[in-house]
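Protein chains: 2
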Amino acid sequence: MTEYKNIRIKDIAQMAGVSVATVDRVLHKRGKISEKAFQKVMEALEKTGYKPNLMASTLGAKKKYKIAALVPNPLQDDYWNQSASGILNAISEWEQYNVQIETFYFNLYDRTSFIAMSRKVLSQRPDGVLLAPIFHQEANEFFDELKASSIPYVLFNTNIPNATPISFIGQDLYQSGRVGAEMLHTKLSEPGNIAVLHVYEAIQNGVHLSEKEKGFRDFFRDNRLDDFTILSYEFENTHESEFSRELMTIITRDKLKGIFVSTSKGAYLTASVIDQAGIKDIALVGYDLLKNNIHYVYDRVINYLINQNPRKQAFLGISYLVNYLLFRKVPPANVLFPLEVISRENIKSYLNSGLN
Amino acid sequence: MTEYKNIRIKDIAQMAGVSVATVDRVLHKRGKISEKAFQKVMEALEKTGYKPNLMASTLGAKKKYKIAALVPNPLQDDYWNQSASGILNAISEWEQYNVQIETFYFNLYDRTSFIAMSRKVLSQRPDGVLLAPIFHQEANEFFDELKASSIPYVLFNTNIPNATPISFIGQDLYQSGRVGAEMLHTKLSEPGNIAVLHVYEAIQNGVHLSEKEKGFRDFFRDNRLDDFTILSYEFENTHESEFSRELMTIITRDKLKGIFVSTSKGAYLTASVIDQAGIKDIALVGYDLLKNNIHYVYDRVINYLINQNPRKQAFLGISYLVNYLLFRKVPPANVLFPLEVISRENIKSYLNSGLN
DNA sequence: TTCGTTTTTGTGTGCGCAAACATTATCTTT
DNA sequence: AAAGATAATGTTTGCGCACACAAAAACGAA
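If you're matching them up, the sequences are chains R and P in order. For the first sequence, numbering that gives the first Met the number 0 begins at 0 and goes up steadily by one. For the second sequence, numbering that gives the first Met the number 0 begins at 0 and goes up steadily by one.
Quick caveat, the hints were computed from the structure, so don't treat them as lab data. No experiment lies behind these values; they were computed from the predicted model shown. Ideal Cβ positions, reconstructed from N, Cα and C, are used throughout, including at glycine. Wrong hints could be hidden among the right ones.
To be verified - Label-pair ranges, simulated between beta-carbon atoms: (1) P:S231 <-> R:S240: 48 to 54 Å; (2) P:H238 <-> R:E189: 54 to 60 Å; (3) P:Q38 <-> R:R29: 48 to 54 Å; (4) R:N5 <-> P:Q38: 56 to 62 Å; (5) P:R7 <-> R:D109: 55 to 61 Å; (6) P:E144 <-> R:F326: 38 to 44 Å; (7) R:N5 <-> P:R7: 24 to 30 Å; (8) R:E189 <-> P:R252: 29 to 35 Å.
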């Protein structure tokens, strides 16, 4: 492969013996072109490894792309607040370019609000969509409409089996369960009972959480840690006081040695119960750098957090869409983020680095 | 503050009643200008909150910036190999822009080679320099020369007290020692002796490593883990077989329960000794995702690694320089990376994510 | 005043590309 | 074979800026 650089459309045109417009037509698949010209242009393109100058490209283009981000209301939950902040970062990152990024917030606890907002998104005729498909069923219907309008979309946080996004950004849930198990295990000095807690805010996707549990259980099984018994409990839309009562019952009845909470919000809810009861010997592992979670890590109530990095997920999602639309750069179909282990000693380094 | 957008130089010129060239002179502080014109232009600039269009700016500029990266030879060490790969990534990231990034490799074990290469860098008259200042003394002399030529530089990996780079990129060494201690401690089932190993390839900077040890010791002290005794050993330029012999002596004599190795290469050297001796009950914590280290994590010989992310460090360093030169964007003076904890269960997620 | 200097301001071109616009070649149809 | 249609190709402009170049003021000495 020969090394050419700073090859311009003009150069390609010259090499192929055609005009710049013909090259442009090949590059953008627009207009008709003779087979002969096409071949010659392609040849020159491949020979030189032509890469368009992105700056000249965006400068020359008049078209403004519209990107819609459909995510839960950031005010309802700190986790989604961080997602939203990632989107804001992306907006300022790309404001120089020919893109206009608009956010659409839906109610995390209300699927009809998701439907309403998804309609609104469609009515705006965006060129690309980023979304967190919390509600599977409703999301699928939305995907169909996007497909019908051939609007590319990127999924993050939650994957959906039959969807065909240009990219999914998230984590390996199964493996994250294993990491949770690994870390919890290091904090268990002696055998006993462990609980996996699924604390939902709304009737969410079971898949999302059961994958984590699967990984969690498999870790103990694969390492032949048979003297630990894993119990699991679900709390659905449970009021805080009720949750507190039920959890205390479980803790004492089951003589729990450790708890793994599969949701970010569940972590500090659980920590709060443990803390208020003055219990000191229960190991606790949860998810995400929420304000409240951070507090309990400092207080040694939460031992480890697994960081899902919602900020970065959302940011990357927008970046992929922009690159796809502006530069026709196809993103990887699946991006699984590192399973970051947060402890009392390294948490500050995560909060300060600002690279999240 | 009124909201204007897409304000061009032309608009500013019109508002100030001058020509675009005058505005250009104000913006770039070049050429002489009358006080009156200056005031009027400044007024318009502030009123509109003018922001230059970066794309048009780089497209229009003819000047090519030269950036030099002065780093250890990647062939000598996998750690520095990863640094170099980060630089390569940066090169392809910025190849579209008016920058030319050139790498200069020096011999990790030979300070004269550093001097020679730093001279070569200067002779190229670069507009910016990225460097890993392995050799303190020599680096300081280099800084003086850079300062004399007013060439901005970014430091990474190793910080140097009196240097005045536009940015330093690295980690909090003290805190990283604490994280190492924290993780090692979780793997110590019973009290006993622990060793801190400093395995140098060359006479490097003691500061770099002793900061880690300080953090390591402080963790045990602050948590009143008095029943652990911490010993420290230095290996300087030690041949592998000799290292093996000496380490075995120490392990048996001191009845070591755990080992913390402060250098990336030291980790797998130590692991190799432990592994070959068939010792199973020593906890081991080290640094970085080197090929050999990864292998020993899978084999459970190394329990945890702290990732310094050399690839990302170097990449970011170049990006900061480019932004500084091309867009006059001043980077943060200090960027301390997250102290990533790598374990057997999450290591794959780090290797696969490709975001490093 | 006049001409040469210096200071200050203005005009024009090109960066690489997208896209509107303009032209030429190639068919059809009668 | 001429006229119209259509397919294929070519020319030009402008995006916002940097910068070379050109021009006009302002100043100064004779």
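Hints versus structure:
1. Restraint check, S231 of chain P to S240 of chain R: a C-beta distance of roughly 52 Å satisfies the suggested window 48 to 54 Å.
2. Distance hint for H238 of chain P and E189 of chain R: a CB-CB separation of about 44 Å, inconsistent with the stated range 54 to 60 Å.
3. In this structure the hint that Q38 of chain P and R29 of chain R lie 48 to 54 Å apart at CB holds, the actual value being about 49 Å.
4. In this structure the supplied range 56 to 62 Å is violated for N5 of chain R paired with Q38 of chain P, their Cβ-Cβ distance being about 41 Å.
5. Evaluation of the 55 to 61 Å hint for R7 of chain P and D109 of chain R yields a failure: the beta carbon distance comes to about 45 Å.
6. E144 of chain P and F326 of chain R have their C-beta atoms about 40 Å apart, which keeps the hinted 38 to 44 Å range intact.
7. At about 27 Å, the CB distance of N5 of chain R to R7 of chain P agrees with the hint of 24 to 30 Å.
8. Distance hint check: the CB atoms of E189 of chain R and R252 of chain P are about 31 Å apart, consistent with the given range 29 to 35 Å.
When each numbered hint is compared with the structure, violations occur for hints 2, 4, 5.
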